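Since the structure of chain B is provided, determine the placement of chain L on it from the hints.
Chains B and L, in that order, give the protein sequences. The first sequence: position 164 = 164 (the numbering used here), numbered continuously. The second sequence: position 149 = 149 (the numbering used here), numbered continuously.
No lab work stands behind these hints, which were simulated from the structure alone. It should be emphasised that the depicted structure is a prediction, and the values quoted were computed from it without experimental measurement. Even for Gly, the Cβ is constructed at its ideal location relative to N, Cα and C. Don't take each hint at face value.
[As the list claims (entries may be wrong)] Label-pair distances were calculated between CB atoms; the ranges are: (1) B/Lys99 with L/Thr14: 32 to 42 Å; (2) L/Trp102 with B/Ile189: 48 to 58 Å; (3) L/Leu258 with B/Gln54: 36 to 46 Å; (4) B/Leu13 with L/Ala33: 30 to 40 Å; (5) L/Asp38 with B/Lys191: 24 to 34 Å; (6) B/Asp218 with L/Pro128: 46 to 56 Å; (7) L/Trp102 with B/Gly6: 16 to 26 Å; (8) B/Pro51 with L/Ser10: 16 to 26 Å; (9) L/Glu145 with B/Asn229: 25 to 35 Å; (10) L/Asp38 with B/Val253: 47 to 57 Å; (11) L/Ile65 with B/Leu13: 50 to 60 Å; (12) L/Ile73 with B/Leu13: 25 to 35 Å.
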Amino acid sequence: MRRDLGRRIYGYLVSAAFALFLFSPILWTLSTSLKQPTEMFQWPPVIVGEPSAQHYTAIIADKDFSSALINSIVVSCSTIILTMALSIPAAFGISHLQKTAMRRLLTLVLALRAAPAMIYIIPYFLFFRQVHLVDTKIALIIVNTMFAVPLAIWYLSAFFDQVPREIEEAAMIDGASTLQTMTLISIPIAKSGIMATAILIFIGSWNEFLFALTLTRDDAKTAAVAILNFIPFEGTDWGKAAAACVLMLVPIVVFVPFVKKYVAGPTTTGSVKG
Amino acid sequence: MASSRPKVSSALITPAIGFLCLATLVPIAAVVALSFGDFNIAFPEKTRFIGLYNYARFLSDGRFINATLVTFILVVVPVVLQLLCGLALAIALKEKLVGTRWMRAAFLLPSVVPPAVGGIVWKLFLIPGVGGLSYLASLFGHNFEADLLGSKTSALISVIIVSIWFGVPIVALLLLSSLDSIPDEIYEAANLDGASWAQAQWHISIPLVLPAMGAVAVFQALEVLGIFPVIFVLTGGGPAGATEPLNFYAFLTAFTYLDLDYSAAILVAFTTTIVGVCFWSIRQISATRVGR
Numbered sequence: 001m002r003r004d005l006g007r008r009i010y011g012y013l014v015s016a017a018f019a020l021f022l023f024s025p026i027l028w029t030l031s032t033s034l035k036q037p038t039e040m041f042q043w044p045p046v047i048v049g050e051p052s053a054q055h056y057t058a059i060i061a062d063k064d065f066s067s068a069l070i071n072s073i074v075v076s077c078s079t080i081i082l083t084m085a086l087s088i089p090a091a092f093g094i095s096h097l098q099k100t101a102m103r104r105l106l107t108l109v110l111a112l113r114a115a116p117a118m119i120y121i122i123p124y125f126l127f128f129r130q131v132h133l134v135d136t137k138i139a140l141i142i143v144n145t146m147f148a149v150p151l152a153i154w155y156l157s158a159f160f161d162q163v164p165r166e167i168e169e170a171a172m173i174d175g176a177s178t179l180q181t182m183t184l185i186s187i188p189i190a191k192s193g194i195m196a197t198a199i200l201i202f203i204g205s206w207n208e209f210l211f212a213l214t215l216t217r218d219d220a221k222t223a224a225v226a227i228l229n230f231i232p233f234e235g236t237d238w239g240k241a242a243a244a245c246v247l248m249l250v251p252i253v254v255f256v257p258f259v260k261k262y263v264a265g266p267t268t269t270g271s272v273k274g
Numbered sequence: 001m002a003s004s005r006p007k008v009s010s011a012l013i014t015p016a017i018g019f020l021c022l023a024t025l026v027p028i029a030a031v032v033a034l035s036f037g038d039f040n041i042a043f044p045e046k047t048r049f050i051g052l053y054n055y056a057r058f059l060s061d062g063r064f065i066n067a068t069l070v071t072f073i074l075v076v077v078p079v080v081l082q083l084l085c086g087l088a089l090a091i092a093l094k095e096k097l098v099g100t101r102w103m104r105a106a107f108l109l110p111s112v113v114p115p116a117v118g119g120i121v122w123k124l125f126l127i128p129g130v131g132g133l134s135y136l137a138s139l140f141g142h143n144f145e146a147d148l149l150g151s152k153t154s155a156l157i158s159v160i161i162v163s164i165w166f167g168v169p170i171v172a173l174l175l176l177s178s179l180d181s182i183p184d185e186i187y188e189a190a191n192l193d194g195a196s197w198a199q200a201q202w203h204i205s206i207p208l209v210l211p212a213m214g215a216v217a218v219f220q221a222l223e224v225l226g227i228f229p230v231i232f233v234l235t236g237g238g239p240a241g242a243t244e245p246l247n248f249y250a251f252l253t254a255f256t257y258l259d260l261d262y263s264a265a266i267l268v269a270f271t272t273t274i275v276g277v278c279f280w281s282i283r284q285i286s287a288t289r290v291g292r
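Same shape as in the complex, but just chain B (with noise of 0.2 Å):
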């Protein structure tokens, strides 16, 4: 079958197709980003002419957008500790229990977050609203937390059991209590596991949108959102839009390899392998 000659045609076509179909509008706006503004409106329209950074100087110099995106950085990572700090626990009782109750458990984990996001739009305004929590961060770090924390207690049930029961127990011999072991046996054991849900928390709550839209004005607005404030009215200067979707994909790009396996989410990632 290695000559097999239908083989290689069909597999450099697809994939040349594929790749063509997939990176060419993200190479677009990469090459937009580092166009000169004349550039742009070029007929023929040209891949890259003379490279400048013009654009990516303009959107780091624009407060609004820079602190946008350091308020991304901090919902992202306070979202991290918070669904940790539920979820390693939780992920860490339920990987012991029996198997009926764990099924029932993670069953009615998956049922919370079957809903489409949008249902939870309306209440969340109203409550935030009357809380006087809209536009402020600690908002939107609940509410990504709310999304996080099923995935984050799926994936980490998961990694707790691969962790050798024998080596648990024999901690518990030694006098350690469940918290001992949890926390000086387990979880070190399972420190990659917990790096990689740590990621897709962060890959999560960075894309936000939704919410970032409805539940932010000015002071606690993400990057995902204030990056459509470089969307010019009438087809004009596309360089700063495109610098800053190229900068929002940095963190995306540095960690997904190390996710791969993961990204699919929780709900099928199972099911396939059956």
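Only chain L this time, still in chain B's reference frame:
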């Protein structure tokens, strides 16, 4: 010690599950309650119960009926095409041909792009005359200047294509892991029996990944509705509602027209349908996870 264990476990689990229940069930109950009420955000104290009135409004709301149709199209068409394209890509990537290795590492990128960024990236790509698509066309000697987002049909097709762009990598990843788990011996046996590569794909690969495709389809059906930010950036639901699904219509109803009770009714109807279809599958999949 054995007897003290369950107690400790519930102390560990309760905070997270409690938070989760509070943060999901209370808001959902609030939306359902709101959908039965007459609510004005300026005068919340005047809220009164009006039963199913908001739901009755569906019948005479042409925009709701249009949005329902658009929702149906924007779920079914992208999911079907994502599955077909994802399978095509997964089969190609499984072969690990020289020069396609980098694809195996990089093809996931569109799926993890922030949706709002994806919207801008595509808007930029589709600018009539000077966008990336016009550039690609010019490479092939064509002068392409059509405004794809300007007419109803082409705008809808554009949104579907962007939706496929976001979804294909995930589908391909899942199907690829399913394909990679097929033992090589099966292909070798087929080869010895004189089957060509194409025949082996048709008779071995595709039948063996079909069961996985069912589950993938269900979850992509939930996932494709997350395209809201893309629609927000790319078309704003237009032109003339051509790309306005129910969640987008509900968003505008709530935050542009401030008709929160009617928006709640739309969202309740929308969510009930989606979750009803998916709940059964979630049970199945969670059983698989525990059984492993």
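Taking the hints in turn, this is what the structure says about them:
A beta carbon spacing of about 20 Å between B/Lys99 and L/Thr14 contradicts the range 32 to 42 Å that was offered as a hint. Remark: the range hint 48 to 58 Å for L/Trp102 to B/Ile189 is contradicted by a beta-carbon distance near 33 Å. Between L/Leu258 and B/Gln54 the Cβ separation comes to about 41 Å, which falls inside the hinted range of 36 to 46 Å. Distance hint check: the CB atoms of B/Leu13 and L/Ala33 are about 55 Å apart, inconsistent with the given range 30 to 40 Å.
A C-beta distance of roughly 54 Å is found between L/Asp38 and B/Lys191, which places it outside the suggested range of 24 to 34 Å. About 33 Å separates the C-beta atoms of B/Asp218 and L/Pro128, a value inconsistent with the hinted range of 46 to 56 Å. Remark: the range hint 16 to 26 Å for L/Trp102 to B/Gly6 is upheld by a beta-carbon distance near 23 Å. As the Cβ distance of B/Pro51 to L/Ser10 is approximately 59 Å, the hint placing it in 16 to 26 Å is violated.
Checking the proposed 25 to 35 Å range against L/Glu145 and B/Asn229 shows it holds: the Cβ atoms sit about 28 Å from each other. Range check, L/Asp38 to B/Val253: Cβ separation about 49 Å, and the 47 to 57 Å hint holds. Roughly 42 Å separates the CB atoms of L/Ile65 and B/Leu13, a value that falls outside the hinted 50 to 60 Å. Judged by the Cβ atoms, the range 25 to 35 Å given for L/Ile73 and B/Leu13 holds: they are separated by roughly 29 Å.
Of the numbered hints listed earlier, those contradicted by the structure are 1, 2, 4, 5, 6, 8 and 11.
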